[in-house]
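Undergrad: Now for the letters of each chain:
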Amino acid sequence: MKFIIELAIKNIKGRGRRSSALVLLTALLSASLFGGTVTVRSLQNGLRSYEARLGADIIVTPWEAVKEGKLESILIQGAPGYFYMEDSLLEEIRQIEGVDAISPQFYLSSASSGCCDTLVQIIGFDPDTDFSVQPWIRESYSQSLGDGDVIVGWNIRVPENRHFRFYNVDCTVVARLDKTGTGLDSAIYANMNTIKQMMESADDIGFTYFKDVDVKKAVSSILVNVKEGYDTGKIVSEINRLSKDVSATSTKDMVSSVADGLSGISKLVGILIVFTWILGTAILVVSFAMMVNERVSELAALRNIGGSKAMLSGILIAEAVIVSFTGGAVGTALTGLVIITFADTLKNSIGLPLLLSGSGYITIMVICSILVSVAVCAVTSSVCAFRITSKDTGLILREGK
Amino acid sequence: MKNKKFVPGITDIVLIVVSLGYLVLLNTVFITCGPKDDGSFMVCQWAWRSLVVLAVILVTLSIVHAFVPGNELRLGISIGIFTVAIASAVLPDNIIPLCMMNTMKCHTHTKPGNLVFSVLIAVASAVDIAVRIRKLTVKAVKQQEEI
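Residue numbers (this note's numbering), protein chains in the order written: chain A, 1290 to 1690; chain B, 38 to 184.
One or more hints might be untrue.
[Claimed, not checked] Result set (DSBU-like, lysine-lysine): computed pairs, CA atoms no more than 35 Å apart in a straight line:
hint: 1; chain 1: A; residue 1: Lys-1598; chain 2: A; residue 2: Lys-1302
hint: 2; chain 1: A; residue 1: Lys-1299; chain 2: B; residue 2: Lys-73
hint: 3; chain 1: A; residue 1: Lys-1359; chain 2: B; residue 2: Lys-176
hint: 4; chain 1: A; residue 1: Lys-1299; chain 2: B; residue 2: Lys-176
hint: 5; chain 1: B; residue 1: Lys-179; chain 2: A; residue 2: Lys-1302
hint: 6; chain 1: A; residue 1: Lys-1505; chain 2: B; residue 2: Lys-73
hint: 7; chain 1: A; residue 1: Lys-1485; chain 2: A; residue 2: Lys-1523
hint: 8; chain 1: B; residue 1: Lys-179; chain 2: A; residue 2: Lys-1291
hint: 9; chain 1: B; residue 1: Lys-73; chain 2: A; residue 2: Lys-1500
hint: 10; chain 1: B; residue 1: Lys-172; chain 2: A; residue 2: Lys-1302
hint: 11; chain 1: A; residue 1: Lys-1505; chain 2: A; residue 2: Lys-1556
hint: 12; chain 1: A; residue 1: Lys-1468; chain 2: B; residue 2: Lys-73
hint: 13; chain 1: A; residue 1: Lys-1299; chain 2: B; residue 2: Lys-172
hint: 14; chain 1: A; residue 1: Lys-1356; chain 2: A; residue 2: Lys-1505
hint: 15; chain 1: A; residue 1: Lys-1359; chain 2: A; residue 2: Lys-1541
hint: 16; chain 1: A; residue 1: Lys-1516; chain 2: A; residue 2: Lys-1356
hint: 17; chain 1: A; residue 1: Lys-1291; chain 2: B; residue 2: Lys-172
hint: 18; chain 1: B; residue 1: Lys-73; chain 2: A; residue 2: Lys-1302
hint: 19; chain 1: B; residue 1: Lys-176; chain 2: A; residue 2: Lys-1291
hint: 20; chain 1: B; residue 1: Lys-73; chain 2: A; residue 2: Lys-1356
hint: 21; chain 1: A; residue 1: Lys-1506; chain 2: A; residue 2: Lys-1516
hint: 22; chain 1: B; residue 1: Lys-73; chain 2: A; residue 2: Lys-1485
hint: 23; chain 1: A; residue 1: Lys-1533; chain 2: A; residue 2: Lys-1485
[Unchecked claim] What follows is a set of in silico ranges between Cβ atoms, one per label pair, in the way DEER data are often shown:
hint: 24; chain 1: B; residue 1: Gly-76; chain 2: A; residue 2: Ile-1639; range: 30 to 38 Å
hint: 25; chain 1: B; residue 1: Ile-132; chain 2: A; residue 2: Ile-1639; range: 29 to 37 Å
hint: 26; chain 1: A; residue 1: Asp-1503; chain 2: B; residue 2: Arg-86; range: 47 to 55 Å
[Said to hold, decoys possible] Pulled a few chain A residues facing chain B out of the computed Cβ check, cut under 10 Å:
hint: 27; residue: Ser-1309
hint: 28; residue: Leu-1313
hint: 29; residue: Gln-1366
hint: 30; residue: Gly-1442
hint: 31; residue: Ile-1445
hint: 32; residue: Pro-1448
hint: 33; residue: Ser-1475
hint: 34; residue: Leu-1623
hint: 35; residue: Phe-1631
hint: 36; residue: Thr-1634
Read the hints as simulated data drawn from the structure, not as lab findings.
On a predicted model such as this, the values are computed, not experimentally measured, just so you know.
Positions of the beta carbon are idealized from the N, C-alpha and C atoms, including for glycine.
Construct all of the structure, not just a fragment, from the sequences and the given hints.
TA: See below:
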């Protein structure tokens, strides 16, 4: 066995260019399998995280926000935005039969001087009624959020003095949330009193965010939970009938529109993986067949000096396994490095929630990708080895073919 | 005296190509956030400028590495390349801070791009170091046997 491996390594070294080409090809195969699978899985994780973070059955926003896609921009891409409506609708929605819980939210975009050298989304919630934000804030911060306290999303670095100032309102960072893979990672969370103070201060300074809405009565969205057994679609219609200036959207519809985008990308990635593998395997088969034909005299000579059929097959398979293992390891290592480091860039460019899987899943995928590459190469080379060892070696040497 | 024909090794080519690619991409794709409205630069600018200096050093060392004779010299230069590559991998965000939002260009382009290229250069130089040490060891054993 040791002799077979040593001979295989010498053969690989002796044919440096051919071996490098095969390493590159198997690296490409394992990279496509590993990269494609991890990307699709990360998009699925992002979708699940997005669904979990919405935390309500219905979201009511001003019509203008729906028309311009502002809510989705905030929730998925983390693009700062704001839109306001009067809070008088709160009571009217609460009266609708089937409404279980209701809570307002407030969206405010920071001025660039406030923090972070760029605009930041500030999201305010009412701690007494909130059922959407607080459950997952509690995963990182168990106490209640006091006035002037803020919690930052994963994408925002906490300054050393843990201090931010928005619209002349001083805030203290009390916690940083875990990564969700959604736009909510780029937001700062405050309670209703803190954000109301910021909104009033912004209005006083002269920011024209509120247009004709009274800043004291302004809310950005109303989250609604529906009682069990009631039809969400019916309640959405009832809310939409209350005012032509607002729009109620079922969160299921919001999730399904993201899921549609995800399914398109998943299909495309799947097709690319299949195409790469078909092409790659075909090239491997041709390469191994050509390699064996080229070495037919060498193998026949080995057979004639006492090498068994099993030994010849062993040499060819060992060469294929060493080359494919090296290629697989290089391919997955490079792809892993690129995917892990460029995950946020990828998320921004495709505009979909993306949350990388944990190290356990990635490790399993690394092993699987390398194993599949090794298996394909081993099978291909063993077929070629069977073909050559079944021929009469004496005839090959005599005829030279 | 017979002039030796220059034949670059695989690691020479890899080091030159990757470090040149690193320098070019650092100045085109992996650039940091632009100036603020008031014309001043954000903190990430200083990290980027330091990276450009390190990239220039890496390109210079890689070219010198390909042309100098002798395994001893090449080993020394490879150790230098490895050290500079590790320094450039850890520099942004650890030694010189980047901007405060993870969504900004310095976090989404400069930091990951720099990490990928620094690791590639570090791996290539580590392979070169291993090859040079092996060659020097074989040479030393042969000399010992001759004595």
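Undergrad: Taking the hints in turn, state whether each one holds.
TA: Outcome of the hint check:
1. Lys-1598/A x Lys-1302/A: Status holds; Cα separation ~23 Å.
2. Lys-1299/A x Lys-73/B: This hinted pair is violated, its Cα atoms lying about 59 Å apart.
3. Lys-1359/A x Lys-176/B: Outside the cut-off at roughly 69 Å; violated.
4. Lys-1299/A x Lys-176/B: This hinted pair holds, its Cα atoms lying about 21 Å apart.
5. Lys-179/B x Lys-1302/A: holds, 22 Å
6. Lys-1505/A x Lys-73/B: Distance of about 33 Å is within 35 Å: holds.
7. Lys-1485/A x Lys-1523/A: holds, 32 Å
8. Lys-179/B x Lys-1291/A: holds, 26 Å
9. Lys-73/B x Lys-1500/A: holds, 27 Å
10. Lys-172/B x Lys-1302/A: holds, 16 Å
11. Lys-1505/A x Lys-1556/A: Distance of about 48 Å is beyond 35 Å: violated.
12. Lys-1468/A x Lys-73/B: Cα-Cα ~28 Å, so holds.
13. Lys-1299/A x Lys-172/B: holds, 18 Å
14. Lys-1356/A x Lys-1505/A: holds, 25 Å
15. Lys-1359/A x Lys-1541/A: Distance of about 18 Å is within 35 Å: holds.
16. Lys-1516/A x Lys-1356/A: holds, 28 Å
17. Lys-1291/A x Lys-172/B: holds, 24 Å
18. Lys-73/B x Lys-1302/A: violated, 55 Å
19. Lys-176/B x Lys-1291/A: At roughly 26 Å apart (the allowed maximum being 35 Å), Lys-1291/A and Lys-176/B satisfy the hint.
20. Lys-73/B x Lys-1356/A: holds, 31 Å
21. Lys-1506/A x Lys-1516/A: Between Lys-1506/A and Lys-1516/A the Cα gap is close to 27 Å, so the pair holds against 35 Å.
22. Lys-73/B x Lys-1485/A: Holds - the C-alpha atoms of Lys-1485/A and Lys-73/B are around 28 Å apart, at most 35 Å.
23. Lys-1533/A x Lys-1485/A: holds, 26 Å
24. Gly-76/B x Ile-1639/A: 30 to 38 Å: Cβ of Gly-76/B to Cβ of Ile-1639/A: about 33 Å, so the range 30 to 38 Å holds.
25. Ile-132/B x Ile-1639/A: 29 to 37 Å: At 32 Å between Cβs, range holds.
26. Asp-1503/A x Arg-86/B: 47 to 55 Å: holds, 49 Å
27. Ser-1309: Holds: closest Cβ of chain B sits about 8 Å from Ser-1309/A, inside 10 Å.
28. Leu-1313: violated, 13 Å
29. Gln-1366: Check passed: Cβ of Gln-1366/A comes within 9 Å of chain B, closer than 10 Å.
30. Gly-1442: It holds, given that the least Cβ distance between Gly-1442/A and chain B is near 9 Å, below 10 Å.
31. Ile-1445: holds, 6 Å
32. Pro-1448: holds, 7 Å
33. Ser-1475: holds, 5 Å
34. Leu-1623: Cβ of Leu-1623/A sits 8 Å from chain B, so the hint holds.
35. Phe-1631: holds, 5 Å
36. Thr-1634: Constraint on Thr-1634/A satisfied, holds at 4 Å.
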